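As given, the protein sequences belong to chains V and P, one line each in that order. Going by numbering that gives the first Met the number 0, the first residue of the first sequence is number 0, and it counts up by one from there. Going by numbering that gives the first Met the number 0, the first residue of the second sequence is number 0, and it counts up by one from there.
Warning: the hint list may mix true and false statements.
Unchecked claim - No farther apart than 35 Å at their CA atoms in a straight line, the calculated lysine-lysine pairs in the DSBU-like style are these: (1) 115(P) to 74(V); (2) 103(V) to 39(P); (3) 26(P) to 114(P); (4) 10(V) to 41(V); (5) 115(P) to 41(V); (6) 1(V) to 115(P); (7) 115(P) to 86(V); (8) 26(P) to 128(P); (9) 26(P) to 10(V); (10) 26(P) to 86(V); (11) 26(P) to 1(V); (12) 1(V) to 39(P).
Please keep in mind that the hints were generated in silico from the structure rather than gathered at the bench. Everything numeric in this text was worked out from a predicted model, so none of it was measured.
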Amino acid sequence: MKIHEIAQIIKAEICTRNHDPNIEIYSACSADLMSDVMAFSKSNALLLTGLINPQVIRTAEMMDIKVVVFVRGKKPLDSMISMAEEKGIALLATDYPLFVASGKLYQNGIRGRGE
Amino acid sequence: MGTVVRDYMIPANDFTVAGEASSRVRKILTQLGVSPDIVKRTSIAMYEAEINAVIHGNGGNAHVEIDENKIYIRISDEGPGIPDLELAMQEGYSTAPDSIREMGFGAGMGLSNIKKNADILDIQTEVNKGTTVNITVFFNRP
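Model the full assembly from the supplied sequences, consistent with the hints where possible.
Listed below in structure tokens is the structure:
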């Protein structure tokens, strides 16, 4: 699934500009604990989280996660957006809570396991 | 390829730059054409160790050596040390304060995540002296 399709499904705003719009996302992980994210080892993955700080971007970088979705109406700061853009990571923000955003993506074919 | 050696400072309690050393090493490994799986395992192990040094060790140093066979990382701090290493290695055991939990860390998963991703993990620790975490990741597991 492409980033713009994900944004459409969970009514998310795309906050970054220079990410790769053609990247295909197959799997997702929903967590507020970054160490839990680091125990998740799938590729082409998306991270949904209610946590909003620079360490989320760092964790995504280490894990090769190309898309991060902030839930419950949280918006990333400009400093986080530029950090993500530097690393080629897309940031999305949705008003849906974590469970609902995850459920909508699952319903549309994103799974917890990927390639 | 010759040996690549790098040293980084890990500042204490500064969460905005925590992970910077790991990020730089990740970039070097990618530039060297190291396989994505090895880059990821090394990144996770080093990042967790770096975060630990920020949270518990009052910051410290990272020393990295990359040769044709392996990546060796030494993260050392002069923090309080770990009184019971066996207990600290257990998943879920943590002494991190709530302020760290709010940052998404301190769930007691750090050391086990390092162990899972490193080929060799050696921790030297002494109470009131500090902790040194030695991580080795081989390009081809022996």
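**Asked** Are there hints from earlier that the structure breaks, and if so, what are their numbers?
**Response** Failing hints: none at all.
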